[in-house]
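Line by line, the protein sequences give chains P and U.
Take the first sequence: its letter number 439 is residue 439 in my numbering, and every next letter is one higher.
Take the second sequence: its letter number 374 is residue 374 in my numbering, and every next letter is one higher.
Since the hints were derived computationally from the structure, they do not count as laboratory data.
Some hints could be false.
Identical copies carry no separate label here, and so any pair may be met within one copy or between two of them.
Stated by the list, open to error - Restricting the straight-line Cα-Cα distance to at most 27 angstroms, the calculated cross-link-like pairs of lysine-lysine (DSSO-like) are:
(1) LYS353 with LYS332
(2) LYS307 with LYS71
(3) LYS30 with LYS71
(4) LYS44 with LYS436
2 protein chains.
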Amino acid sequence: MADIPLPPGFTAAKMSQAQKAFEAALGADKVFFEALDRISYQDKFAIDEARHHPAGAIAPTSVEEVQAAVKIANQFRVPLWPISRGKNLGYGGTAPELAGSVVLDLSRMKKIEFDAANGVVTLEPGVGFYDLYDYIQQHKLPYWLSTPGNSWGSVIGNALDRGVGYTPYGENTKNFCGMEVVLPTGEVVRTGMGAFSNAPTWGLYPFGYGPAWDQMFVQSNFGIVTKANMWLMPEPESLMGMDVEFDRPEDLKAMVDTIGPLRRERLLQQSPSIGNWLRAAAVLTTRKEWTDKPGALDDSVISAIRKKFNIGWWGVSLRLYGREEVNKAVYKVLEKAMSDIKPMLLKPTTWVKGQPMEYSGWTGTPMTFPMQNINWYGGRGGHIGFSPLLPQDGTKALEQFQRTYARYKEYGMDYQGSFAFGERHLVNVNAMIFDKDNPQMMGRIDPFFRTLVADAKAQGYGEYRTHLDYMDLVAESYDWGGGALRKLNEKVKNALDPNGILAPGKSGIWPTTYNGERKA
Amino acid sequence: MADIPLPPGFTAAKMSQAQKAFEAALGADKVFFEALDRISYQDKFAIDEARHHPAGAIAPTSVEEVQAAVKIANQFRVPLWPISRGKNLGYGGTAPELAGSVVLDLSRMKKIEFDAANGVVTLEPGVGFYDLYDYIQQHKLPYWLSTPGNSWGSVIGNALDRGVGYTPYGENTKNFCGMEVVLPTGEVVRTGMGAFSNAPTWGLYPFGYGPAWDQMFVQSNFGIVTKANMWLMPEPESLMGMDVEFDRPEDLKAMVDTIGPLRRERLLQQSPSIGNWLRAAAVLTTRKEWTDKPGALDDSVISAIRKKFNIGWWGVSLRLYGREEVNKAVYKVLEKAMSDIKPMLLKPTTWVKGQPMEYSGWTGTPMTFPMQNINWYGGRGGHIGFSPLLPQDGTKALEQFQRTYARYKEYGMDYQGSFAFGERHLVNVNAMIFDKDNPQMMGRIDPFFRTLVADAKAQGYGEYRTHLDYMDLVAESYDWGGGALRKLNEKVKNALDPNGILAPGKSGIWPTTYNGERKA
């Protein structure tokens, strides 16, 4: 254990003792401290490969084992980093914020309980979208999932990180309805109506009596979610919509200003995402088929790629779910609105129950093909995302795009950007695709990312989610009242986790015990 | 100040010093400690008139004054009981849980900021539904409110107590999008994107970065909400629907089982409430016009009243908001579904923009006429509500009704009950109307209420909200894991409010400083 990464102030001997205690409590087959184990829990898309190395990992299979692990963590003051399935690859994957933490891998907790009358699933964190999809198919249940673009991850884990999907249930964190949580001191709580023994409404009414806790366990380090109820969308009678392509970068303004009001009105109940040509092209081709010039792509190359695949500079898909007659009435409104802003292409799509179904995010089918984009540059590919929040304002969106696009050119990177609607906001997701075997490129990522954060800060645009490397940087940008909300979070953190053992540094929330670890 | 109610361990001299400190900080015109002041802040509908008496009240007009008041409260250890406008009359009104508390009356904080592009209002707690309605009318803004049955209260205050309205925005607590909060130790925080200085998305994206706090300040005593963003519904192009009456108590089952799936499907986006004949009749007539017999009403009297006003045993209204063509398509589905279960009366209703508008809860118009029901018995009327949460299951709803109706008869009370839909739950709101000048009746209310709590507990049905008298009783019924969630709440309470000055006892959450005050 000589070269094992350790938390500050730790000795290898103490970690070895902790390892033995984990083995005694969980069994040796659930404890992983070999060199190869450690590597397997590192960040696959790391920008700086030297960071965020775990000391090891443990994989409990029950709530009781999670409690036992927490007890040992408190005894030895070992920081634990809980992951569900660890598949949020653009944000750090399985790796802990604080090097030397022990990964608490919950992927073996895979229980599914299904309330088919109400469309509520009670899930453990190890249940992936594929698992739940298979369960639904096998039991022929009339519900659809809300899957993210890469669906190998955990259903709960995605929602706990505020990931999104394509359907009207796409803001996955809003589908939580009651949780079971192991607190940092080892007690178990149930939230919402789960606090009322045997309440049949645990998965039906989200708030319970008094303050409601679910969102406090999202993007936080206040507890380990060992079970959560989530609402699923009833299978619709019909799915209608359109895929629409626009020719010019400037068209972004009209797209946002046309779709925004329809979304805020809730006529459009699903949250569309406007993506640029590279989002479409990067899963169809690779860069070297078009050019070997370094730096950002020329307009002539972009035009050639777009022409070959017949894609717009921007594209967006709109979808309607529900009764066929209702969808038809809504479709007419959408069709008129979108035609008015002159797309280069508008392709209608329609499905009615009984017809063969398209297997895509629109029908809640798990998928992984969007990850092909990491092959864009060749070499060992990867990406991280920069995702600030904007108002639904076409002018502001266009300015944000122009500012960001100029930075991509300045840093010699190919622009993959999207503007994803929420009900009243936009998330400007900028994927930075990179080639880990290109050291020159890898050296540019960090200054590039920091520049984008600073640019957005000047506009008042904060990120909704970020990679481990930037959790402190982003937390620092949430600066109202001298960082008053962070101070509140840390006061609660210290009250709930006096030894600071649970995910120190998550979302920039540091317990007093690791005060010195915050990055300036 | 000899007879002034005081918190445990307090002396009149110390309260007098605190009063002087409040006067020095806020000005004498914002501090109320006369006998008449105290009476005016008591519970108007109190079952036991001796309880919940405040020591006095203060009415700051700005965030800075709220902070100054909190500072003084900590200095003197005076418990403060914040109210917005104090109009939730069935739950305690202006009165504090702990006798001797000082009411922190925020009704003079009445600022309105309106983001007309996005339909977001930033409100102070003193803004009532009438104020906001007037503002919208005056500025001709294309947004509708979600008003509760009695609309004299605060918009924020209602949502902070999880009150509901009639429109698709009817679950008012879900319309919060960022708050400004004074913590019990005097610091101010802004939640969600408010934590990011000058973010234009404060009122647009509810979660921010990291754990989301808004729901932690709902039904809680963790902070004083001095400002909140709320989403408003865009004015619809059309409003369509139907008022439907059913003849027999047993029809409740089919009503729930027919409406529930349409609601869970989100075809019906507004949450209907099934009410019994007395909900309709109690605002049209009074009891003495029909009988002078004490005890629960005979079936013959009920039949006579129903016949005269042509109302069903149960009635329900369904409403659709949005584009006219869409509403027409949805209406057809609702009409078929409701006709299939054979109502005694189905009255369609329709409105299109430009036509004269019905002034009702359906159009978000503030109103107070439902409060007429307190005149039912004659004398000084009042009511409290018993409101357990059920699944959307017709059989269970009918059983709950039958059980409760039998108790109303046993305790000699006239039954006013409703089953209000949420998206996946039902709230069974039982109004206990009483005559405060009938001591025999008033003596029955408390045992009656406790019996209903125990009956519901046996079924797993917990209350979503309750009167001051029953906050501890209801909190006790949330007993999973030995009251694990309450213990978590109290751990956070003690961390945020070490002196226990803010609303001790709210929702059954007691700080250590008032440990002895919890009712068994």
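Verification of the supplied hints:
With identical chains, the CA atoms of LYS353 and LYS332 are at most 27 angstroms apart both within one copy (20 angstroms) and between copies (19 angstroms). Within a single copy, LYS307 and LYS71 get their C-alpha atoms no closer than 60 angstroms, and across copies no closer than 67 angstroms, so neither meets the 27 angstroms cut-off. For the homomeric pair LYS30 and LYS71, the shortest alpha-carbon distance inside one copy (16 angstroms) is at most 27 angstroms, but the shortest distance between copies (52 angstroms) is not. Only within a single protomer do LYS44 and LYS436 lie at most 27 angstroms apart by alpha-carbon distance; the minimum there is 10 angstroms, versus 70 angstroms between protomers.
Comparing the model with each numbered hint stated earlier shows that hint 2 is the single one that does not hold.
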